[in-house]
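2 protein chains.
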Amino acid sequence: MAEENEIQPYVIGLDMGGTNSVFGVVDQRGTIKAQTVIKTKAYPDVHDYVNAAVEALQPAFDLIGGKENIKGMGIGAPNGNFYSGCIENAANLLWKDIVPITALFEDALDIPVRVTNDANAAAMGEMTYGVARGMKNFIMITLGTGVGSGIVVDGKLVYGSDGFAGELGHSTIVRGQEARQCGCGRKGCLETYCSATGVARTARLMLEKSNEPSMLRDIDPDKITSFDVFQAAEAGEQIAKDIFDFTGTILGEACANFALFSAPEAFVFFGGLIKAGHWILDPIQAAYDANSLASYKGKAKLLVSSLNGSEAAVLGASALGWE
Amino acid sequence: MAEENEIQPYVIGLDMGGTNSVFGVVDQRGTIKAQTVIKTKAYPDVHDYVNAAVEALQPAFDLIGGKENIKGMGIGAPNGNFYSGCIENAANLLWKDIVPITALFEDALDIPVRVTNDANAAAMGEMTYGVARGMKNFIMITLGTGVGSGIVVDGKLVYGSDGFAGELGHSTIVRGQEARQCGCGRKGCLETYCSATGVARTARLMLEKSNEPSMLRDIDPDKITSFDVFQAAEAGEQIAKDIFDFTGTILGEACANFALFSAPEAFVFFGGLIKAGHWILDPIQAAYDANSLASYKGKAKLLVSSLNGSEAAVLGASALGWE
Chain D
22 MAEENEIQPY VIGLDMGGTN SVFGVVDQRG TIKAQTVIKT KAYPDVHDYV
72 NAAVEALQPA FDLIGGKENI KGMGIGAPNG NFYSGCIENA ANLLWKDIVP
122 ITALFEDALD IPVRVTNDAN AAAMGEMTYG VARGMKNFIM ITLGTGVGSG
172 IVVDGKLVYG SDGFAGELGH STIVRGQEAR QCGCGRKGCL ETYCSATGVA
222 RTARLMLEKS NEPSMLRDID PDKITSFDVF QAAEAGEQIA KDIFDFTGTI
272 LGEACANFAL FSAPEAFVFF GGLIKAGHWI LDPIQAAYDA NSLASYKGKA
322 KLLVSSLNGS EAAVLGASAL GWE
Chain C
22 MAEENEIQPY VIGLDMGGTN SVFGVVDQRG TIKAQTVIKT KAYPDVHDYV
72 NAAVEALQPA FDLIGGKENI KGMGIGAPNG NFYSGCIENA ANLLWKDIVP
122 ITALFEDALD IPVRVTNDAN AAAMGEMTYG VARGMKNFIM ITLGTGVGSG
172 IVVDGKLVYG SDGFAGELGH STIVRGQEAR QCGCGRKGCL ETYCSATGVA
222 RTARLMLEKS NEPSMLRDID PDKITSFDVF QAAEAGEQIA KDIFDFTGTI
272 LGEACANFAL FSAPEAFVFF GGLIKAGHWI LDPIQAAYDA NSLASYKGKA
322 KLLVSSLNGS EAAVLGASAL GWE
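Those protein sequence lines, which keep their order, are chains D and C.
According to our numbering, the stretch in the first sequence is residues 22 to 344, in order.
According to our numbering, the stretch in the second sequence is residues 22 to 344, in order.
There's no promise every hint is true.
Any copy will do: because identical chains look the same in the list, a pair fits if it lies in one copy or spans two.
For lysine-lysine, the following PhoX-like pairs were computed, each having C-alpha atoms within a straight-line distance of at most 20 angstroms [said to hold, decoys possible]:
| no. | residue 1 | residue 2 |
| --- | --- | --- |
| 1 | Lys230 | Lys60 |
| 2 | Lys157 | Lys177 |
| 3 | Lys208 | Lys318 |
| 4 | Lys88 | Lys54 |
| 5 | Lys244 | Lys230 |
| 6 | Lys208 | Lys262 |
| 7 | Lys157 | Lys296 |
| 8 | Lys320 | Lys244 |
| 9 | Lys157 | Lys322 |
| 10 | Lys244 | Lys318 |
None of these hints come from the bench; they were simulated from the model.
On a predicted model such as this, the values are computed, not experimentally measured, just so you know.
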């Protein structure tokens, strides 16, 4: 038993969303040995949330031979701050102001706990279990409801002076009249073009401007997804290809600028949009190549996350538990 | 003598330019105790250059009680690569391809030698002797013939996967028809707006578009400097203020994007343009504040280098010698 204690071959990963909190107990290979879910929203008091989590985790602890086999816990949470160990002013959680989430779980579980935001956790996941294994310099881009980023320099996540570095989704890409309004209050952010809602918005605009028949016209314009556009592209619709070309070009141009910062070995893309495969990857690559500084050309690989979509967030969070 | 040896209170800094190479012997406070210059261009063979440098340094060594009091040497050179210790394909030097500059000086002087590019050396100088002392996260922006950058994350310069990270001067800032041609072959780079030639170009365009009388009209349009524009602004000319507003706005907008990467404590500006004082700093600050993501607002300070202009490059290079 003492020897097993020393090895501690498992970590807990917590993917905390506004609605659900998914906990996984993960081994060193990145296999989720047990998983459990609680409703984040059901606990207006964070202390009740932590108690419920610990209770929900008991069967998983039993399965792996006890809590003493767990080395640490990592949390991916909205506005999670690695430095302070707190969730700070997260708009989509019930707990307001500053929540000392790592201290609460450390007290409850008696193991080291780290927190960061979702995109940083995804980068940790790729570096620990995914396509970025062995890389010391890469940039993770998560394409979901928003556009997030996690930047790894010299083998370490860039947290910056305050723990909130790596907000490339809010890079201003378009200025002037035609710049799209972003949820952050500013205009022309990368997120307004390459997020799920950004793609839907591009689809609406292109459908309005065109008379081409399209299967996309059968869908409520506010609910068009990148999967719908993918199906239209696969069916041979030019308008669907144009939507991906527009979106991929903006993302590739943005990445050519991002590369100037840290000269990464790779960009790793994750999220629904990237499941459109070559329809989106080809224009990203073409725009990246066309816009790269000569001395950077051909250096950074553009990669797609190798982690299973539904498990990636938990695995990413768990990767923090090994630190 | 043995004790003095252990302390080794001096380093050599070499600011290598296409025309001149300035060597300084620097103490721990950042005082240049002795300085010497050789003509970079006079030595088509780099071995002759190194021999000439060592000879030129002898009086400086004598002054500080011998070469054994020197801890190391730092070189700021065009295309200097910290990782390889080489100057790689520098367009404005006579030595082509790859020059193993640190190995050559290590052989000749028997001390550790490091090389990096000019802007990275400037960042090291600010961190060691200047306004960035004690900072772990800041971004240096050098505004000269070109626009360079040195990025410090977690107390270390970001060199990236290949040693050439930190080329923010080549961020594409303007796209489309009106984007200015850059010397790098691409269009719309920050450098085409905020370098010395960028400011001169802005001045020409604004003078062409206007009928206002201006002292700038008495100058050869290709030779307008930011100092000329400064004098016109001080004399109350609106057109000069407009030139600085245009330039500073672009730089402030760019910095608001750069901050998203590393959430720096500060930007440190260096170079001729910044000597225009409030004329250029006010629009930079205004554009930075107006374009910052809410969670970043008011966090990064916009600072001006505190190092003496003519000494800054040598001091910056010398800072590498302490590593």
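I'd like to know which numbered hints this structure contradicts. Please list them from smallest to largest. 1, 6, 7, 8, 10
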